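Engineer: Start counting the sequence shown at 291; every next residue gets the next number (our numbering).
Everything labelled a hint here was simulated from the structure, so no lab data went into it. Quick caveat, the model's predicted, so the values are computed rather than measured. Among the clues, some could well be false.
List time: in silico DSBU-like cross-link candidates among lysine-lysine, alpha-carbon distance up to 35 Å [as the list claims (entries may be wrong)]:
no.: 1; residue 1: K346; residue 2: K434
no.: 2; residue 1: K455; residue 2: K357
no.: 3; residue 1: K545; residue 2: K504
no.: 4; residue 1: K464; residue 2: K438
no.: 5; residue 1: K438; residue 2: K420
no.: 6; residue 1: K420; residue 2: K455
no.: 7; residue 1: K599; residue 2: K393
no.: 8; residue 1: K540; residue 2: K429
no.: 9; residue 1: K357; residue 2: K415
no.: 10; residue 1: K540; residue 2: K368
no.: 11; residue 1: K545; residue 2: K438
no.: 12; residue 1: K401; residue 2: K504
no.: 13; residue 1: K429; residue 2: K390
no.: 14; residue 1: K540; residue 2: K504
no.: 15; residue 1: K540; residue 2: K348
no.: 16; residue 1: K455; residue 2: K429
no.: 17; residue 1: K582; residue 2: K528
no.: 18; residue 1: K474; residue 2: K420
no.: 19; residue 1: K516; residue 2: K599
no.: 20; residue 1: K292; residue 2: K434
no.: 21; residue 1: K368; residue 2: K504
no.: 22; residue 1: K434; residue 2: K357
no.: 23; residue 1: K393; residue 2: K434
no.: 24; residue 1: K420; residue 2: K346
no.: 25; residue 1: K423; residue 2: K438
no.: 26; residue 1: K346; residue 2: K429
no.: 27; residue 1: K434; residue 2: K474
no.: 28; residue 1: K474; residue 2: K348
no.: 29; residue 1: K504; residue 2: K516
no.: 30; residue 1: K540; residue 2: K438
no.: 31; residue 1: K368; residue 2: K581
no.: 32; residue 1: K599; residue 2: K455
no.: 33; residue 1: K400; residue 2: K464
no.: 34; residue 1: K423; residue 2: K560
no.: 35; residue 1: K560; residue 2: K368
no.: 36; residue 1: K455; residue 2: K504
no.: 37; residue 1: K415; residue 2: K514
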Amino acid sequence: MKINLSYECTSDYEINRAEILDLHERNHGSVPTDRYDSHYMDNPFGEPLMGLCFHKTKIVGQENYIKHDLACGGRICKGALGVDSLVDADYRLFYGIFGKLCKLTIGEIKKNVDVLCAFANEESKKYYLKYFKWQVATKVQVYKKATKYTGLTREGLLSLVRPGKLHQGLIFEKVNLFDPDVLKPVIEDCLSASDQLYFYKTPAFLNWKFLSNKHYGVTGYYIKYKGDVIGYCATHDKGFEKKIVDIQLKRNDIKWFEKAISTLSCIARKEGLRRLVIYATPDCWYENALKKHLFIKRWDFDFITRTFKPLPDTGWIIHIGDLDVF
């Protein structure tokens with residue numbers, strides 16, 4: 291049966307909130323309202339762009355982006371991250387909704403950004419790559435380190451070899467919110483020092499996405515050495531794992547990084563958690579340090595981009611907190 295569908299691009303989440311949540315509930319059950327609200331409201335980098343398909347007043351498809359800048363070698367690029375792509379199960383055949391939404395949103399958002407990014411599922415990824423000039427930018431590797439002995443397995447035995455320890459003078463100081471004045475020198479130092487592309491985060495963005503986010507429950511730390519702030523870290527405890535959601539250290543100093551992950555391994559063990567988890571792209575500046583400290587690569591997945599302006603071909607740094615859902 292032929293039906294009339296309408297399409298629009300909008301940045302107004304609040305006026306469409308009820309229908310967006312209803313679309314999720316019809317297709318996935320319970321609605322994580324805190325997660326949706328945290329995606330689309332009060333982002334320091336700017337308002338979202340939502341491509342919506344309507345059947346009368348009901349939203350039956352969406353292709354959405356939230357603003358997130360990128361950086362490399364002192365240069366900041368305007369970017370956006372694809373989130374919450376969804377077509378109602380009753381409308382997936384015959385109407386071509388997903389393709390029309392992709393074309394609509396790309397046509398609109400390319401006016402204001404240099405690159406689109408996504409951690410798409412396999413079905414969506416094939417469509418992006420084949421029809422809309424997206425490319426696989428890098429593999430994202432999931433590394434895990436055993437922090438607690440759990441038996442005569444490879445992982446359990448490795449937990450005894452290099453279990454992690456506290457380091458004299460190095461402190462992880464918990465904070466409720468990051469102070470812009472405290473973190474600004476770290477952010478600026480990392481911006482100038484990095485020769486690989488990464489998701490740029492201001493203190494305001496870190497507070498918005500992590501520490502003020504009601505959905506995830508992320509813990510933030512200043513990393514201090516002899517009283518001086520040399521970096522920051524954000525972690526998320528889930529089940530029996532501690533995930534390193536984000537971490538930056540001045541000058542991308544590998545020695546400080548090794549001490550930091552050793553300290554986090556010790557903290558995780560003392561908290562009764564069995565694993566420390568971090569993401570790393572192939573040949574990123576800290577991957578060899580993970581292997582040295584007996585992190586084991588478990589699996590990997592694709593990170594894809596659609597560029598409108600040239601980006602440095604220097605590789606990527608991806609952390610767990612860069613994903614829209616973690």
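Engineer: Does the alpha-carbon distance linking K464 and K438 stay inside the 35 Å limit?
Structural biologist: 23 Å, holds
Engineer: When you check the alpha-carbon spacing of K429 and K390, does it fall within 35 Å?
Structural biologist: 28 Å, holds
Engineer: Can the restraint linking K438 and K420 be considered satisfied, given a maximum Cα separation of 35 Å?
Structural biologist: It is violated: about 44 Å lies between the C-alpha atoms, which goes past 35 Å.
Engineer: Measure nothing beyond the straight line between the CA atoms of K357 and K415; if it is 35 Å or shorter, mark the hint as holding.
Structural biologist: 20 Å, holds
Engineer: Holds or violated: K455 and K429, Cα atoms, limit 35 Å.
Structural biologist: Cα-Cα ~30 Å, so holds.
Engineer: Take the C-alpha atoms of K504 and K516, compute the straight-line distance between them, and say whether it is at most 35 Å.
Structural biologist: 32 Å, holds
Engineer: Tell me if the straight-line CA distance from K545 to K438 falls inside 35 Å.
Structural biologist: Distance of about 24 Å is within 35 Å: holds.
Engineer: Take a quick look at whether K540 and K438 sit within 35 Å of each other, Cα to Cα.
Structural biologist: Roughly 30 Å separates the two Cα atoms, so the pair holds.
Engineer: Hey, K423 versus K438, does the alpha-carbon distance stay inside 35 Å?
Structural biologist: Judged against 35 Å, a Cα distance of about 45 Å means the pair is violated.
Engineer: Next pair to validate is K420 with K455; report whether the Cα-Cα distance is within 35 Å.
Structural biologist: With a Cα-Cα distance of about 48 Å, the restraint between K420 and K455 is violated, given a limit of 35 Å.
Engineer: Could you grab the alpha-carbon distance between K540 and K368 and see if it respects the 35 Å cut-off?
Structural biologist: Holds, because 23 Å separates the two Cα atoms, which is no more than 35 Å.
Engineer: K368 and K504 were given as a pair; does the straight-line alpha-carbon distance stay at or below 35 Å?
Structural biologist: Distance of about 26 Å is within 35 Å: holds.
Hints 1, 2, 5, 6, 15, 18, 19, 20, 23, 25, 26, 28, 32, 33, 34, 35 and 37, counting from the list given before, are not met by this structure.
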